[in-house]
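Trainee: Below are the chains, spelled out letter by letter.
2 protein chains.
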Amino acid sequence: MSIKTQVIEIAGKSEKAANILANISSQVKNKALLEMADELIRNMDYLTTENAKDIDYAGKKGLSGAMIDRLTLDESTLKGMAEGLKEVAALPDPVGEVTSMWRRPNDLLVGRMRIPLGVIGIIYESRPNVTADAAALCLKSGNAVILRGGSEAINSNLAIAKILRDVLRNVNIPEAAIQVIPTTDRQAVSEMLKLDEYIDIIIPRGGEELIRAVVDQSKIPVIKHYKGVCHIFVDESADLDMAVAICMNAKTQRPGVCNAMETLLIHKDIAETFLPRVAKKLRDAGVTLRGCENTRRILPDIETATEDDWYEEYLDLVLAIRVVNDIDEAMAHIEKYGSLHTESIITSDYNNSQRFLNEVNSSSVLVNASTRFSDGFELGLGAEIGISTTKLHAFGPMGLEELTTTKFIIYGNGQIRT
Amino acid sequence: MSIKTQVIEIAGKSEKAANILANISSQVKNKALLEMADELIRNMDYLTTENAKDIDYAGKKGLSGAMIDRLTLDESTLKGMAEGLKEVAALPDPVGEVTSMWRRPNDLLVGRMRIPLGVIGIIYESRPNVTADAAALCLKSGNAVILRGGSEAINSNLAIAKILRDVLRNVNIPEAAIQVIPTTDRQAVSEMLKLDEYIDIIIPRGGEELIRAVVDQSKIPVIKHYKGVCHIFVDESADLDMAVAICMNAKTQRPGVCNAMETLLIHKDIAETFLPRVAKKLRDAGVTLRGCENTRRILPDIETATEDDWYEEYLDLVLAIRVVNDIDEAMAHIEKYGSLHTESIITSDYNNSQRFLNEVNSSSVLVNASTRFSDGFELGLGAEIGISTTKLHAFGPMGLEELTTTKFIIYGNGQIRT
Chain W
366 MSIKTQVIEI
376 AGKSEKAANI
386 LANISSQVKN
396 KALLEMADEL
406 IRNMDYLTTE
416 NAKDIDYAGK
426 KGLSGAMIDR
436 LTLDESTLKG
446 MAEGLKEVAA
456 LPDPVGEVTS
466 MWRRPNDLLV
476 GRMRIPLGVI
486 GIIYESRPNV
496 TADAAALCLK
506 SGNAVILRGG
516 SEAINSNLAI
526 AKILRDVLRN
536 VNIPEAAIQV
546 IPTTDRQAVS
556 EMLKLDEYID
566 IIIPRGGEEL
576 IRAVVDQSKI
586 PVIKHYKGVC
596 HIFVDESADL
606 DMAVAICMNA
616 KTQRPGVCNA
626 METLLIHKDI
636 AETFLPRVAK
646 KLRDAGVTLR
656 GCENTRRILP
666 DIETATEDDW
676 YEEYLDLVLA
686 IRVVNDIDEA
696 MAHIEKYGSL
706 HTESIITSDY
716 NNSQRFLNEV
726 NSSSVLVNAS
736 TRFSDGFELG
746 LGAEIGISTT
756 KLHAFGPMGL
766 EELTTTKFII
776 YGNGQIRT
Chain R
366 MSIKTQVIEI
376 AGKSEKAANI
386 LANISSQVKN
396 KALLEMADEL
406 IRNMDYLTTE
416 NAKDIDYAGK
426 KGLSGAMIDR
436 LTLDESTLKG
446 MAEGLKEVAA
456 LPDPVGEVTS
466 MWRRPNDLLV
476 GRMRIPLGVI
486 GIIYESRPNV
496 TADAAALCLK
506 SGNAVILRGG
516 SEAINSNLAI
526 AKILRDVLRN
536 VNIPEAAIQV
546 IPTTDRQAVS
556 EMLKLDEYID
566 IIIPRGGEEL
576 IRAVVDQSKI
586 PVIKHYKGVC
596 HIFVDESADL
606 DMAVAICMNA
616 KTQRPGVCNA
626 METLLIHKDI
636 AETFLPRVAK
646 KLRDAGVTLR
656 GCENTRRILP
666 DIETATEDDW
676 YEEYLDLVLA
686 IRVVNDIDEA
696 MAHIEKYGSL
706 HTESIITSDY
716 NNSQRFLNEV
726 NSSSVLVNAS
736 TRFSDGFELG
746 LGAEIGISTT
756 KLHAFGPMGL
766 EELTTTKFII
776 YGNGQIRT
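Chains as they are written, first to last, in this note's numbering: chain W, 366 to 783; chain R, 366 to 783.
Okay, chain W solo, but in the shape it has when bound (with noise of 0.2 Å):
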């Protein structure tokens, strides 16, 4: 069989199994999720034996031991990913919820009732447990999903999709509800892209050239960030203690994620006091810094921020800083360089915090607080299958209500229309 027709093959039973997943209860879809659980942990053994083929041919790849680690799957990831599952069961099911309802003059009683988007394409790099993540959210919000990890976690990837598909039969769920591309040929990431007639929305979740290249190719609409440059403008009226402490957690806590600071800005009136100061926090825990002129002055020995530094997502010890005017001179770096990802604002002063959340033009605006918050489970969404810088469907983190659409449901009693 061509892998095209492996692919379509693969959609059509998608297509089939999201129109029966689309009506099954929340406690079917619980009881799956839970048993889940319980068969990752129980099949421990059969899970790491797939996994050590991966990370064998890892080895003899040449991967780093930071790819390798993230390969890795052990008694700790598994009991992790077990969890994970049993947390996206206690969350409230999304399908079916009304989300309004009005009545017409002519008495139609209209609402709108949430349904599951459909067919779901994750398109993944090496991390084996986004295959147990991503199967509980489309799940749970009664979605069929096709997963197509990183070909260095091929035998990770089926074995996890074949514990969690047993658990379907055993429930009277459909198989073809989570499915693995069996492949990993690149060919089927290119054919897959191309069957809008079955699947609904693409979430590429990897770096920006993963990215690129699936939107380059994708004929079905994708929800994706290519990248997140934050920044956190610190206002002439900042409490100063509170801005260095939101400036040290939003660069250093994790650096290597898409919601750390990449560049600051700094009123020019407060710039004198609280660069100093924050730059000596900042480097004891080894952030290098770049700095405009203005920032020089003040800080004489550090690098020169080039153009290109103001568009740079570091994911790293490596922060950009710049002395602004005001917040209008702020506000529009932030428009000229940002990604629309996730900006903070510290402020005392009420108009300032007002102008930036409604001006400010990304996904999340923050007061007062580090931009680390911009995130499905701080945020408070429960979960998390991805964050958008998109403006359609969905814009900042998606968890499972944005794995659903609404459609109009209308009671009559024998309206015709005039």
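Careful, some of the hints might be misleading.
Where chains are identical, the list cannot tell them apart; a pair therefore holds if satisfied intra-copy or between any two copies.
To be verified - Computed cross-link-like contacts, DSS-like style, restricted to lysine-lysine with a CA-CA straight-line distance of at most 30 Å:
id, residue 1, residue 2
1, K381, K592
2, K396, K451
3, K527, K426
4, K369, K527
5, K584, K369
6, K584, K701
7, K378, K527
8, K559, K527
9, K378, K584
10, K701, K378
11, K527, K396
12, K645, K701
13, K633, K381
14, K559, K584
In short, the hints are calculated from the structure, not lab data.
In this text, all values refer to a predicted model and were calculated from it rather than measured experimentally.
Go by the hints and put chain R onto chain W.
Mentor: Quick look at chain R alone, frame taken from chain W:
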């Protein structure tokens, strides 16, 4: 200047305008809309003169009378356009609405605020009134719009846009908020559909061929429906008088639109009684009937419906009829042949009404009402920019809210992540 450069320049201006437009108050937007309504009437001579160029050219090209009719701007169509603008001014502004807000355990206050999508591209066919309608809805929802109408209406569209843009300038809204692509060259559409860095969403309005061509080329998400193959299922428990009235309305009130009924499904146990009654009425109204074998046992003189008929959007006084064993067979037919647009059940049975509403996977699902109500105005959205049968972002008729998205706004008092 090449067409490519020209289109990129337009899109760049749109993006800049969109950033300003997002924060213009309802008051100013409404003032603009009301002035636009006045100016369309005041400039009737100019508009009809420009329109005459299009009509003249259409005559030379040999376009049909119906086409020329749709193209014509006269006092009555201009008054209709002006009324439309006033109605949009009177609608509530979706921008800035905080749709929900909740407090997290760490005291962060998290909300979702409605914001415009950004830049909207509308690609449409001959009717020049779409230029004013679409521009008004985009303006009200804070979006910049790039309009690309049919080549046969280019002078009319440019003239309408000129009037609207003159008003924008008067009220200090960037003129680039409303732009018409000034060339009729097809390359302009191809170039436009590549600009996913500038344009957030494309809404094509027209026949299936136009829409498919747009989808095939677009790198930008497209909100669309290809066709409306709408079904009515008359259940065995239906009130037959009501069923006749609704079927007549759905098929004959305006057969050329996407929410007209195209296929009638009838429960076998009432077919003998119901079919002759409804058939007589339909035929009196000039409807040609095509039926399945069981239908033809009862109505032997009608044509046979072929497999192709079940997929057909006639947009005409033609109806396909099928007798089904039960609601399951009716829903299976809809799933197989339907277009996810609009379906209605006529029933007095509680369980069947609920099953139909829950299980039918279309964007509008009705009980005991005509499919003709699947329309933004009729459902109470206040306006309609289009209908989506794509589940992403919006599903069903789209009003002003569907031209927005939400961003997260977060009020903190120094929270850092631990």
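Trainee: Next step is simple, just say for each hint if it's right about the structure.
Mentor: Results of checking the hints against the structure:
1. Taking the closest pair of Cα atoms, K381 and K592 come within 30 Å of each other only across two copies (22 Å); inside a single copy the shortest separation is 35 Å, beyond that limit.
2. Taking identical chains as interchangeable, the C-alpha atoms of K396 and K451 lie at most 30 Å apart only when both belong to the same chain, with a minimum of 10 Å there against 54 Å between chains.
3. In this assembly of identical chains, the alpha carbons of K527 and K426 lie at most 30 Å apart only when taken from the same copy (26 Å versus 63 Å across copies).
4. Proximity of K369 and K527 under a CA criterion of 30 Å is satisfied intra-copy only: 23 Å inside one chain copy versus 50 Å between copies.
5. In this homomeric assembly, K584 and K369 come within 30 Å of each other (Cα to Cα) both inside a single copy, at 15 Å, and across copies, at 22 Å.
6. For a Cα distance limit of 30 Å, the shortest separation of K584 from K701 qualifies both inside one copy, at 29 Å, and across copies, at 22 Å.
7. In the homo-oligomer, the alpha carbons of K378 and K527 lie at most 30 Å apart inside one protomer (16 Å), although the nearest pairing across protomers, at 52 Å, exceeds that limit.
8. Taking the shortest Cα distances, K559 and K527 sit within 30 Å of each other inside one copy (26 Å), while across copies they are farther apart (40 Å).
9. Taking CA atoms no more than 30 Å apart as the test, K378 paired with K584 passes in both settings, with 19 Å inside one copy and 27 Å between copies.
10. When the C-alpha separation of K701 and K378 is checked against a cutoff of 30 Å, the pair qualifies only between copies, where the shortest distance is 14 Å, while the shortest distance within a copy is 45 Å.
11. Within a single copy, K527 and K396 get their C-alpha atoms as close as 17 Å, which meets the 30 Å cut-off; across copies the closest is 61 Å, which misses it.
12. Within a single copy, K645 and K701 get their C-alpha atoms as close as 29 Å, which meets the 30 Å cut-off; across copies the closest is 66 Å, which misses it.
13. With identical chains, the CA atoms of K633 and K381 are at most 30 Å apart between copies only, with a shortest distance of 27 Å across copies and 60 Å within one.
14. In this assembly of identical chains, K559 and K584 lie within 30 Å of each other by CA distance both inside one copy and across copies; the values are 5 Å within and 13 Å between.
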